[in-house]
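Peer 1: Okay, here's what each chain looks like letter by letter:
2 protein chains.
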Amino acid sequence: MNSVPKPALGSETSWREDFAVGDKDAVVIVDHGSRRQESNLMLNDFVEMFRAKTSYSIVEAAHMELAEPTIKDAFGKCVQQGASRVIVSPYFLSPGRHWKQDIPALAAEASKEHSNIPYIVTAPLGLHELMVDIMNDRIKYCLRHVAGDVDECTVCAGTGKCRLYS
Amino acid sequence: MNSVPKPALGSETSWREDFAVGDKDAVVIVDHGSRRQESNLMLNDFVEMFRAKTSYSIVEAAHMELAEPTIKDAFGKCVQQGASRVIVSPYFLSPGRHWKQDIPALAAEASKEHSNIPYIVTAPLGLHELMVDIMNDRIKYCLRHVAGDVDECTVCAGTGKCRLYS
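So the protein lines, in turn, are chains V and P. All residue numbers for the first sequence refer to the numbering used here, where the first residue is 17 and numbers rise by one. All residue numbers for the second sequence refer to the numbering used here, where the first residue is 17 and numbers rise by one.
Worth flagging that the hints you see were computed from the coordinates, not collected in a lab. Don't take each hint at face value.
All copies of an identical chain are treated as equivalent in the list; a pair is satisfied when it fits inside any one copy or across any two copies.
DSBU-like, lysine-lysine: derived pairs with alpha carbons at most 35 Å apart [said to hold, decoys possible]:
{"#": "1", "residue 1": "K177", "residue 2": "K88"}
{"#": "2", "residue 1": "K128", "residue 2": "K177"}
{"#": "3", "residue 1": "K156", "residue 2": "K128"}
{"#": "4", "residue 1": "K156", "residue 2": "K93"}
{"#": "5", "residue 1": "K88", "residue 2": "K156"}
{"#": "6", "residue 1": "K177", "residue 2": "K93"}
{"#": "7", "residue 1": "K88", "residue 2": "K40"}
{"#": "8", "residue 1": "K40", "residue 2": "K156"}
Make a model of the complete structure from these sequences and hints.
Peer 2: In structure tokens:
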């Protein structure tokens, strides 16, 4: 991939409501999955943030492998809750093999039991203009911490890791 | 990790300039590194976006493993360009082993040759409020595409992958 996906946030504010989320659109947020339980639990935190900040009425977490719920589990839960369309959203930075092959294959498999429910696999998160803001925000927060102005963020809290080394 | 790192974007707009980027602050943006060259090249695109949107005068790409430039290469390049502090920023979503151990160890190793240059390893990108906006933006763009309103984004361009399946 040589070019940057269109961020075009400004222009998106003028989208017609037709393209807005439908009441029966469900979102399955899929991360890689880990043997580390704390990593799997982190996805639940993201799902909570996503639910709180958006208007989707059905949002489910799923792990691509190594942990449950699987994509199939989550797809089924969405249908049970009345989804008429399932949006599979990979919590991945880059369009690697997992995004190109593994997640589409698992979504296809999951949809077999619900052939009347269309689904889509969305683009990965990286190379979005806002990702620059996130990184810059992390940097500024860390610099504020080492300057003594703020506590460690919750990622570093209690580890003593957020400091200047030399 | 059970809680969400403080996003506090609103309050950050009031940061004193003391915590702003110094002229001699360098940023090393580190991804995992891949055997797939296109994946490594994608980091360069992100570094370009980061340079264009921020005020850091020295920004270098690095790969944790599997590809060059290494963290040591990038750290050295920053010092050559006059960096007085190096900010190592992991292009990772979660605070897993790579963030906790591998990148700090590689940064420490890299800094041995530049003992007068302090460095810091910043927090990972995930669980930031803006990540919700990024995911929602991806979803909306895909839905607009399947509704026939916009072209495929550059991630999907030419693949025919961005469509409703059932």
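Peer 1: Regarding K128 and K177, is the shortest C-alpha distance of 35 Å or less found within a copy, between copies, in both, or in neither?
Peer 2: between (47 Å within a copy, 18 Å between copies)
Peer 1: Regarding K156 and K128, is the shortest C-alpha distance of 35 Å or less found within a copy, between copies, in both, or in neither?
Peer 2: Close across copies (25 Å), not inside one copy (47 Å); limit 35 Å.
Peer 1: Taking 35 Å as the upper bound on the Cα-Cα distance, should K177 and K93 be classified as within, between, both, or neither?
Peer 2: between (39 Å within a copy, 24 Å between copies)
Peer 1: For the identical chains here, do K88 and K40 meet the 35 Å Cα criterion within one copy, between copies, both, or neither?
Peer 2: Classified as within: same-chain Cα gap 18 Å, cross-chain 50 Å, threshold 35 Å.
Peer 1: For the identical chains here, do K156 and K93 meet the 35 Å Cα criterion within one copy, between copies, both, or neither?
Peer 2: Answer is between; shortest inter-copy Cα gap is 22 Å, intra-copy 40 Å.
Peer 1: Measure nothing new, just compare the shortest in-copy and cross-copy C-alpha distances for K88 and K156 to 35 Å and report within, between, both or neither.
Peer 2: between (40 Å within a copy, 23 Å between copies)
Peer 1: Check K177 against K88 for me: Cα-Cα at most 35 Å, and say if that holds within a copy, between copies, both or neither.
Peer 2: between (38 Å within a copy, 20 Å between copies)
Peer 1: My question is about K40 and K156: at a cut-off of 35 Å on alpha-carbon distance, are they close within one copy, between copies, both, or neither?
Peer 2: between (39 Å within a copy, 15 Å between copies)
Of the hints listed earlier, there is not a single one the structure fails to meet.
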